[in-house]
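K.L.:
So the chains spell out like this:
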Amino acid sequence: MHKLFGFIKQYFALIVVFATFAWSATMIAVYRSQTTPPGAVILRLGHWQLEASVRDAIDLMAEEYRKIHPNVFLVQDAIPEGVYGQWVSTQLMGGTAPDILQVGANLPGNIWLSYYNRYFVPLSREVYRPNPYNKGTKLEDTKLRQTYKDGMRTGYVDEMQEYMSIPLSVFGVRIFYNKDLLKKLTGLDEAPRNYRDFLAACQKIESQTNEFGNFFVPIAASQYHVAMWEGNMFDPLTYGAIRRADFNRDGNVGNDELFVAFKTGRIDFDFPPYAAKFKMMREVTDHFQTGYTGLTRDEAVFLFAQQKAVFMTTGTWDARSLQQQAQGQFEVGVMDFPLPTKDDPFYGPVVEGPLFETPGTGFRFGITRTSRHPEVALDFMLFMASQKQNEELNRIIGWIPCIIDTQMDPFLEAFDPHLEGVYGAMNFILGGETTTKWEQMLSLYRVNQISYSDMVAQFSSFYLDRGLKDFLEQQRDWRRGMVQNERFLAGIRAKALAATGDEAVSAWVKYRALTKDRQVWSELNHSRQLQLMEKGPDAKAVGPYEYSPAVLAKIKERVKKSMTK
Amino acid sequence: MRKLSCRLFMVQAALIVLLGSSCKQNATLLQSDDPLHAGWNNYSLGEFDQAQFFFEQAVAEAPKDSDAQLTALYGLATTLNLRRPGEDPERAQELYRRILDTAPANDLAAWSLLALARMQHLVPVGDDPDYEQVYKAYQDVIDRYPDRLAAKEAFLYLNSILVATLKEPETRRALASLDEYVKNPSNTFLGPSWSLIAVGNTTLGNQERRFEAEVKSLETTEIDPTNPFTEFAYQYWNLATIAEFELGDFDQARLYYRKLIAEYPKDQKIYGAKQALQRMDAMEAKIREELKEAGNP
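For the protein sequence lines, the chains are V and L, in the order given. Our numbering applies: residue 1 is where the first sequence begins, and numbers increase by one. Our numbering applies: residue 1 is where the second sequence begins, and numbers increase by one.
It should be emphasised that the hints constitute simulated quantities derived from the structure, not laboratory data. Even glycine gets a Cβ: it sits at the ideal position worked out from N, Cα and C. Among the clues, some could well be false.
Here are some chain V residues pointing at chain L (derived, C-beta under 7 Å) [what the hints assert, rightly or not]:
| id | residue |
| --- | --- |
| 1 | Lys-3 |
| 2 | Arg-249 |
| 3 | Leu-419 |
| 4 | Glu-420 |
| 5 | Asp-477 |
| 6 | Gly-481 |
| 7 | Arg-487 |
| 8 | Gly-491 |
| 9 | Glu-503 |
| 10 | Val-505 |
| 11 | Val-509 |
| 12 | Val-559 |
Within a straight-line C-alpha distance of at most 16 Å, the following computed EDC-like cross-link-like pairs (lysine to aspartate or glutamate) qualify [stated by the list, open to error]:
| id | chain 1 | residue 1 | chain 2 | residue 2 |
| --- | --- | --- | --- | --- |
| 13 | V | Lys-560 | L | Glu-284 |
| 14 | V | Lys-495 | L | Asp-34 |
| 15 | V | Lys-495 | V | Glu-159 |
| 16 | V | Lys-495 | L | Asp-107 |
| 17 | V | Lys-556 | L | Asp-251 |
| 18 | V | Lys-143 | V | Asp-405 |
| 19 | V | Lys-554 | L | Asp-251 |
| 20 | V | Lys-556 | L | Glu-293 |
| 21 | L | Lys-274 | L | Glu-263 |
| 22 | V | Lys-510 | V | Glu-546 |
| 23 | L | Lys-274 | V | Glu-352 |
| 24 | V | Lys-560 | L | Asp-281 |
| 25 | V | Lys-184 | V | Glu-159 |
| 26 | V | Lys-279 | V | Asp-235 |
| 27 | V | Lys-556 | L | Asp-34 |
| 28 | L | Lys-266 | V | Glu-211 |
Please model the complete structure; the sequences and the hints are all you need to start from.
P.N.:
Dropping the structure here:
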């Protein structure tokens, strides 16, 4: 007995470690044996969606899948977003990663790229085959890639020239609102679609107090939400700058083009579309809660869920959670961003339409190389990406299906993307101190610490004096990109050199296409940018989307000819 | 002493059990028995030390001057040339030259000569290439391996840097070669060659020829069917705007704006294309009105 105590005393620390390890191993084994029979195929799926509806939907998918494949069981690892990046890294590096992992966020893009390279199975071969779970539907013979609303673009990794993940949902951003509170405070049954009506509703809301005497907040916002308001509502007003400053007529205003337009006086801060953007920013952010730039996403959500605010912008990813938080208390509605009408005395001449949106897919999953059952993991993913199951999966979660010809929850109809619309054309980001100055000025303006005229006065002179220097500094290492492309193309070339038969033909086509896209134009684009920045456009030239007198004469001649025919 | 050994044994046993349990799945990834294959795998992963190790192993194991050895030498030279950090341009050049000396007729010799030319072109950040030397180096590839893909690529690079000067003499020099090159429809890189002709003609102010060349470029573009990002939306937009604003040819402009709208209904420029169609209609209506008022039929 004495000896035993002596042994325990001597090895106490080790015994504790052993005991803890044995206990946790036993618990895991018991838990697993309760949920899965011996000999079953267990798939592990890791993701960062802690919303209950996501876990429920995936569990239901697993149940449905088990009806066809009774031996396959799924275990979910739902990891909080804040630590997902670290968790994924340790799991992948330790060789203990789940079979299926959600990919594409919570780590920098270049890190994901290196992980795809090292730890994930390329899926390119599969995307050119029909999805077997679409059998009996119109998509029966359609290749997997073409069953997607976006052609499965987000699953493709350009740097690897491979499809690396399978997306499952489409996402979009709109304004959510508390229908009951809106009715109570403004008398409106539906959210205002028109910008002026929206502002009037906001004014009415903030003039009223709750039972504790606290004023209602029209719009719950935070540093997380402000970019959504800017991108969706304020930036599209600047589209008109394209007609003044898109010198190369590529349909966008680059940072170099905007600088030249400012330098040559073709645009300034009095340009109506730019003035309109900042006026709208002031008018809308005035209805945010005080100090919103210092608040986080959750703080804004609390304000909305506690019925202290009426409107809040966010994406489809929050739709079901907001509905669940509101359950039994109030009804959640979804509205598009309210735009001014064409007859609006101030905004009418500059408003051209809503923000252009493309249906982007997300909720993407890759299959890890350490998976013991990669073929089963892939098959389960194909099951969830089939027309019927994808519709069901997204119906439960409250998101938008990513497969064509699927139905979505009527609640989400306001998320239908605007396939025809406009986009922002104001880019002051020239690098270096110019960028810092712009961000400082914009931040101060957002929180109403400086007026528009003060912001313009302080930034304009700095921009015009310093812009070229910062741009040239930013461009100094432009050739570095060519070396990176060279390295990438050497790898593609090596694959082509090693390939035979049809594979070689395809590999060389890829090599030539990539060489053309990546290496031929860099020098030319750089020269053109420099020429534009240093010399500016021809002083006598008309705007990029205007007809010169010579061209106008040609047009007249053609019309005249057509009239005499 | 015995006690200490016993304790060490216990600690080791504990570590073995713990590590063993966690490393069960820790398979080594992307290993291959073929050092050449392993070399390229590691190269594409950016594991350049490993790539170098495997290529050196492949060079040592392959029979002297065999194809396998040449391939390994090429892999090693490529790694030493393009790895960052840790590049060794002198040794890379030496290896490329060794391939050229050993098997001048081999395809890898052509690629090695192109790599040597590229090394003169893609100089470190802050330096400027000696363009006269770069022109010569590309011309050397074209002259020595006229029928190889490496020479076609060299041709493209040579003319792209001439066009990129945006100066008339260099542009005319490039256009002379490019116009000759595109006469042979079996040549590779026809699409980008036509694009360079279009750019050259922009510099010279010849908008009609620019438009023709852009149309030809569109027709001869080689498509990688595996890339979901391959599309012609930008080319249609470009052709339409050249036709509208440089040529005043509204028929051609309408053709390409409509192609854009019909083939790429989810493209960002749809709004702009529809606006353009309205703008041209309005402009023609205005001119007709003016002509009628002026007494024209």
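K.L.:
For each hint, tell me whether it holds in the structure or not.
P.N.:
Cross-check of the supplied hints:
Because the closest C-beta pair between Lys-3 (chain V) and chain L is about 14 Å apart, greater than 7 Å, the hint is violated. At a threshold of 7 Å, the smallest CB-CB gap from Arg-249 (chain V) to chain L is about 5 Å, leaving the interface hint in force. Residue-level restraint check for Leu-419 (chain V) holds (minimum Cβ-Cβ distance to chain L is 5 Å; threshold 7 Å). Interface restraint check: Glu-420 (chain V) against chain L, minimum CB-CB distance 5 Å, threshold 7 Å, status holds.
Evaluation of the Asp-477 (chain V) hint against chain L yields a held restraint, the C-beta minimum of about 4 Å falling below 7 Å. Residue-level restraint check for Gly-481 (chain V) is violated (minimum Cβ-Cβ distance to chain L is 10 Å; threshold 7 Å). Taken as an interface hint, Arg-487 (chain V) checks out: its beta carbon lies about 4 Å from the nearest beta carbon of chain L, inside 7 Å. Interface hint status for Gly-491 (chain V): upheld, as the beta-carbon distance to the closest one in chain L is roughly 4 Å, under 7 Å.
Checking Glu-503 (chain V) against chain L: minimum C-beta separation of about 12 Å lies over 7 Å; hint violated. Annotation: interface hint on Val-505 (chain V) violated; nearest CB of chain L at approximately 11 Å, more than 7 Å. Checking Val-509 (chain V) against chain L by beta carbon gives a least distance of about 6 Å; that is within 7 Å, so the hint holds. Look at Val-559 (chain V): its Cβ gets to within about 5 Å of chain L, closer than 7 Å, so that hint holds up.
Distance hint between Lys-560 (chain V) and Glu-284 (chain L) is fulfilled; the C-alpha atoms sit about 10 Å from each other, no more than 16 Å. Between Lys-495 (chain V) and Asp-34 (chain L) the alpha-carbon distance is near 15 Å, which keeps this suggested pair within the 16 Å criterion. This hinted pair checks out: Lys-495 (chain V) and Glu-159 (chain V) have alpha carbons roughly 14 Å apart, not beyond 16 Å. Among the hinted pairs, Lys-495 (chain V) with Asp-107 (chain L) is consistent with the structure: their alpha-carbon atoms are about 14 Å apart, no more than 16 Å.
For the proposed pair Lys-556 (chain V) and Asp-251 (chain L), the alpha carbon gap of about 13 Å is at most 16 Å, so the pair holds. Restraint check for Lys-143 (chain V) and Asp-405 (chain V): the C-alpha separation of about 15 Å stays at or below 16 Å, so the hint holds. Taking the CA atoms of Lys-554 (chain V) and Asp-251 (chain L), the gap is near 13 Å; set against the 16 Å cutoff, the hint holds. Of the pairs offered as hints, the one joining Lys-556 (chain V) and Glu-293 (chain L) holds, with about 14 Å between alpha carbons and a cut-off of 16 Å not exceeded.
Using a Cα cut-off of 16 Å, the hinted pair Lys-274 (chain L) and Glu-263 (chain L) holds, with the two alpha carbons roughly 14 Å apart. Simply put, Lys-510 (chain V) and Glu-546 (chain V) have alpha-carbon atoms about 39 Å apart, too far for the 16 Å limit, and the pair is violated. Restraint check for Lys-274 (chain L) and Glu-352 (chain V): the C-alpha separation of about 12 Å stays at or below 16 Å, so the hint holds. With a C-alpha separation of about 15 Å, the suggested pairing of Lys-560 (chain V) with Asp-281 (chain L) holds against the 16 Å cut-off.
Distance hint between Lys-184 (chain V) and Glu-159 (chain V) is unfulfilled; the C-alpha atoms sit about 53 Å from each other, more than 16 Å. Taking the CA atoms of Lys-279 (chain V) and Asp-235 (chain V), the gap is near 12 Å; set against the 16 Å cutoff, the hint holds. Note on Lys-556 (chain V) and Asp-34 (chain L): the hinted pairing is violated, with a Cα-Cα distance of about 70 Å set against a maximum of 16 Å. Restraint check for Lys-266 (chain L) and Glu-211 (chain V): the C-alpha separation of about 49 Å exceeds 16 Å, so the hint is violated.
Consistency note: the structure conflicts with the earlier hints numbered 1, 6, 9, 10, 22, 25, 27 and 28.
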